[in-house]
Amino acid sequence: MKVVALKDVIGTEHDVDGGNWVSRRLIKKDDGMGYSVNDTIIKAGTETHIWYKNHLEAVYCIEGEGEVVTLKDNKVWPIKKDELYALDEHDEHLLRARTDMRMVCVFNPPLSGKEVHDENGVYPVDED
603 MKVVALKDVI
613 GTEHDVDGGN
623 WVSRRLIKKD
633 DGMGYSVNDT
643 IIKAGTETHI
653 WYKNHLEAVY
663 CIEGEGEVVT
673 LKDNKVWPIK
683 KDELYALDEH
693 DEHLLRARTD
703 MRMVCVFNPP
713 LSGKEVHDEN
723 GVYPVDED
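Counting in the working numbering, the sequence shown runs from 603 upward without gaps.
Hints are computed from structural coordinates only; laboratory data are not their basis.
Check the hints yourself; a few may be wrong.
Pair ranges (Cβ atoms, derived) [stated by the list, open to error]:
(1) Ala607 - Asn676: 34 to 44 Å
(2) Gly620 - Ile664: 11 to 21 Å
(3) Lys682 - Leu608: 29 to 39 Å
(4) Lys604 - Lys674: 30 to 40 Å
(5) Asp610 - Asp675: 21 to 31 Å
Only pairs whose alpha carbons sit at most 30 Å apart, straight line, appear in this in silico BS3-like list of lysine-lysine [as the list claims (entries may be wrong)]:
(6) Lys645 - Lys609
(7) Lys683 - Lys645
(8) Lys677 - Lys645
(9) Lys683 - Lys631
(10) Lys631 - Lys645
(11) Lys631 - Lys655
(12) Lys645 - Lys655
(13) Lys631 - Lys682
(14) Lys674 - Lys645
Note that beta-carbon positions come from the ideal geometry of N, C-alpha and C, so glycine has one too.
With the hints as constraints, model all of the structure from the sequences given.
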């Protein structure tokens, strides 16, 4: 059994500031669960280019509102509190936040906990 308190992650190396977002990594690869879980704040007024070539992600919005634009078809997906979106095709996308958005993000394969997006919006694969 594992219990993780958000207050115990904030201010540690697993509280990662990506500029447009801050992600608190609650469950990481080394926890051995086969997925990772992040509590992430997307900052109001930002647009972030993301392309998870190496990961699948499900995102549950628990606060705020914004939109996702899938770049292959330029479709706009409004996102608000109590909605989940799943990037099930390694979708290259833009994430736009109208207000601060608090998201619970689940990744497969799991993140090690320190990742930030590269210049293409990609998280690298953790080979360890």
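Starting from Lys677, check that the Cα of Lys645 is at most 30 Å away, please. 22 Å, holds
Check whether the Cα positions of Lys631 and Lys682 lie no farther apart than 30 Å. 28 Å, holds
Are the Cα atoms of Lys683 and Lys631 separated by 30 Å or less? Holds, at roughly 27 Å.
Assess, step by step, whether the Cα of Lys674 is no farther than 30 Å from the Cα of Lys645, and give holds or violated. Judged against 30 Å, a Cα distance of about 24 Å means the pair holds.
30 Å Cα cutoff - pair Lys645, Lys655: Holds. Lys645 to Lys655 sits at ~23 Å (cutoff 30 Å).
Quick check on a hinted range of 29 to 39 Å for Lys682 and Leu608, using CB atoms only. The hint (29 to 39 Å, Cβ to Cβ) is violated, given that Lys682 and Leu608 are roughly 22 Å apart.
Would you mind confirming whether the straight-line C-alpha gap from Lys683 to Lys645 stays at or under 30 Å? With a Cα-Cα distance of about 15 Å, the restraint between Lys683 and Lys645 holds, given a limit of 30 Å.
Take the C-alpha atoms of Lys631 and Lys655, compute the straight-line distance between them, and say whether it is at most 30 Å. Answer holds: Lys631 to Lys655 is near 18 Å, not above 30 Å.
Given a hint of 30 to 40 Å, does the C-beta separation of Lys604 and Lys674 actually sit inside it? Taking Cβ atoms as reference, Lys604 and Lys674 lie about 37 Å apart, which means the hint holds.
Does the structure keep Lys631 and Lys645 at a Cα separation of 30 Å or less? 26 Å, holds
Given a hinted range of 21 to 31 Å, is it respected by the beta-carbon distance of Asp610 and Asp675? Violated: the Cβ-Cβ distance is about 41 Å, outside 21 to 31 Å.
Could you say whether the range 34 to 44 Å given as a hint is met by the Cβ separation of Ala607 and Asn676? For Ala607 and Asn676 the Cβ distance comes to about 40 Å; the hint holds.
Violated hints for the displayed structure, listed by number in ascending order: 3 and 5.
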